[in-house]
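J.: Below are the chains, spelled out letter by letter.
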Amino acid sequence: MTPAARRSTVVANESYGHNHFKLRFEWSGGFAAGQFFMLGELAKDSFILPRAFSAFRGDHNSVEVVYKVVGRGTHHLAEMRAGDDLLAWGPLGNGFRESTGPELLVAGGIGIAGLFARAEALARSGHRAALVFGGRTESDLVGRRDLDPIVSSATYFTEDGSFGEKGRVTNGLAETLKRGGFRSLAACGPAPMLDAVALIARDAGVRAQLSVEAPMACGMGVCLGCSVAVDGRYARACTEGPVFDAAYFGVGPR
Amino acid sequence: MTTALDLSVRVGGVDFANPLLAASGCFGWGVEYSSIFPVRALGGFVTKGLSQKPRPGNAPPRIAETASGMLNSIGIESVGVDAFLAEKLPPLIGCGTRVIVNLFGETEDEYVEIAHRLRGATGIHALELNASCPNTAKGGLEFGIVPDVLRSLTRRVRDANPLPLYVKLTPNVTDITASARAALEAGADAVTAINTLRGIVLSAESRRAVLSTRFGGLSGPAIKPIALAMVHQIRRALPIPIIGCGGITSARDVVEFILAGASAVQIGTALFANPLAAQEILVELPVLCARLGITRLADQIGAAAL
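Chains Z and C are the protein sequences, given in the same order.
If you count the first sequence from 1, position 2 lands on 2 in our numbering, and the numbers rise without skipping.
If you count the second sequence from 1, position 29 lands on 29 in our numbering, and the numbers rise without skipping.
So that you can see chain C by itself, here it is in the shape it has in the complex:
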């Protein structure tokens, strides 16, 4: 006789059928992969960063491969909130999974304006505040590195829209728990940890950075140990749910993040390397849980003896 496995998790007031979400910037507007696998298989997904006005993004080259990962500097190429509400959101209503909208602004007012515009919109289950994009001249990361600035921004977005609010944190700080604390104090329902790490890919031949913006954000398996450490640090320091993110490519990685303290996880770069990654992880996860004696995944959050 087999015991029923319960993969459901609850994060900051949102119920997810399973803990696997697609990360912002890695799943478009939720429809691009529809011929590859059904979006409803995912616990949820996070949209591409949504700006108030359309943004063209950075000049190419925007990506470069690295050892065990990649560097990107897309610069939040985005459709703007009008086009999102008119064109991108309607196809997602009733898509069968949780939709989290990632917000990006160059100013505090822009974030607040987007949050306000999304108030009452059907089909959105939570907001994720992008205070951690390392690739824009203004906004993003500059709101995430000083706790007082992050606290103020989070509080204003919190007041502008009653949806559950997740704050995506940057690892490009001395102490990520200070950022998580600011988010918690300002009323965030959860934090996503972590966004990409700042890096450079250099060409010895051209003596230049490969990316047009010199710096980019490092993602992929290369950053997984860093992400796990930061999830653990936040978990130990604060009573706030964590969505783990950084280099997850397998069911084993998912379980590791949950054991370290994540309530759910996001995959990103793994989807680029293999568009079947999410589906394959969801096939693999029950097998792994059975082998590890796990019957209810939510019981394992932070259960590692760290």
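Looking at chain Z on its own, in the form it has when it is part of the complex:
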């Protein structure tokens, strides 16, 4: 699927939990689970770099992204209304590879946006994944109502104990992997979480796919700004990722 760039239109931009929004824009052509879109010109009267958003859900005519308002870009995005112009390009990146056997999804905070399409694709294929989803507090665990029906089980963690189990997604993860007979794992969340998950998966002999986030300017593989250390070199998160095999992740040049 080669990327296209279009001047699209916002279909809806609705609250999706505290400080989170779900934005739907017109888009034909679809995407694969784990791919993302760049949304640009979010500040209408001044220069702004585009922002990358995981493709959350889509149909024949539109794509949805879920985002948390954290900075300048998402602040502007949250002000968009149905009918507004929206510059979008995608679908970008490699997406998740096929897995064999039961899969565990591990999400940290807004990282759930990078895994939702994976959960949906697995459910559609009849192999529903199990989910472990953690955040600092209850309001970080967005989309539970949409997630519960498409996963085989969901375990929630909050660091403050306000919802689910108190702690982090890595608590008991090794045991969960062993007990559940999981053959593969897909994770998306903050970098320290991905590092920890990668180690646990490696020890358990479970193949893990990590969806990473990196500062990114173009999304097209040319600016080389989103490089991450993978397999003894720097790889571009935008075109060689954003999904990387945990076995090779974190190893830079020399």
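Rather than coming from a laboratory, the hints here were simulated on the basis of the structure.
Honestly, I wouldn't trust all of these hints.
To be verified - Chain C regions said to be covered by chain Z (calculated; three or more residues, Cβ under 8 Å):
no.	region
1	15 to 28
2	63 to 73
3	131 to 141
4	268 to 276
Stated by the list, open to error - Facing chain Z, a subset of chain C residues (Cβ under 10 Å, in silico):
no.	residue
5	Ser8
6	Tyr33
7	Ser35
8	Lys48
9	Cys95
10	Gly220
Claimed, not checked - Lysine to aspartate or glutamate pairs mimicking DMTMM-like chemistry, simulated, CA-CA at most 20 Å apart:
no.	chain 1	residue 1	chain 2	residue 2
11	C	Lys53	C	Glu106
12	Z	Lys44	C	Glu284
13	Z	Lys22	Z	Asp45
14	Z	Lys22	Z	Asp146
15	C	Lys138	C	Asp159
16	Z	Lys22	Z	Glu120
17	C	Lys88	C	Glu113
18	Z	Lys44	C	Glu280
19	C	Lys53	C	Asp148
20	C	Lys88	Z	Glu240
21	Z	Lys44	C	Glu65
22	Z	Lys68	C	Glu65
23	Z	Lys166	Z	Glu240
24	Z	Lys22	Z	Glu98
25	Z	Lys68	Z	Glu175
We put the CB at the ideal spot given by N, CA and C, even for glycine.
Model the placement of chain C on the given structure of chain Z, informed by the hints.
T.: Same frame as chain Z, now just chain C:
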């Protein structure tokens, strides 16, 4: 009746169908944007900086957003001249636009070696000498800040390859006309002005620079007035064609640079912000020219009453 508009320009012996080129480091190896817009729409493009041997580039983080621009410190991550000739250049033969190869070296000999290796290669229309990258421990900028050093490097590259030679200048100097003069005296056919300005993005929380290398190069609309001033200074001082570069995002910006003295322009950061920017500028440019009474763009080079 409409008058035919002539957007063609000639820069240092190369004819361009229009004045809009993509800048080095902002258009990869010329194929990455092919599903977004046809490369032949551009007047030309400049490749990512080409080194003699493959280079891994700097550790992340490499970019940071700033007010009206961005800071980058990529550090010339590049494939090396062997892979360029074997893999990157062949798809560009017959691509329908002008291909300019940007050369980067850590030593004078490296630049000369790359220029020599590219001698006679099909599909290259000009060379651009990168003596202005602020993000490498060695090479790049250190060749661009002392005019005598730049003169020597330019002369040796000039002798190593007969293709038209453009020298990309750094704004991180006291007097950019001294650099342009050195390039001119050493036989450069044109200068590209300007590369990025050195800057720092600092985090108050971490008390550290955001980029791994502390310093980076500032680009984007923030530097446009500086670039325009330097194009004007060079134009007034010297008889050398100028390719204007720095913060161009619109057809209006293109016309401003040409009026200030540029024969052609490069866009870079604007392509990151909007991959349709080049295409949209080329739609907008004829409309703007008509409104401004311009029928032949080349007649407007340096025509501002500055």
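J.: Which hints from the list above does the structure break, by number from lowest to highest?
T.: 3, 5, 9, 13, 15, 19, 23, 24 and 25
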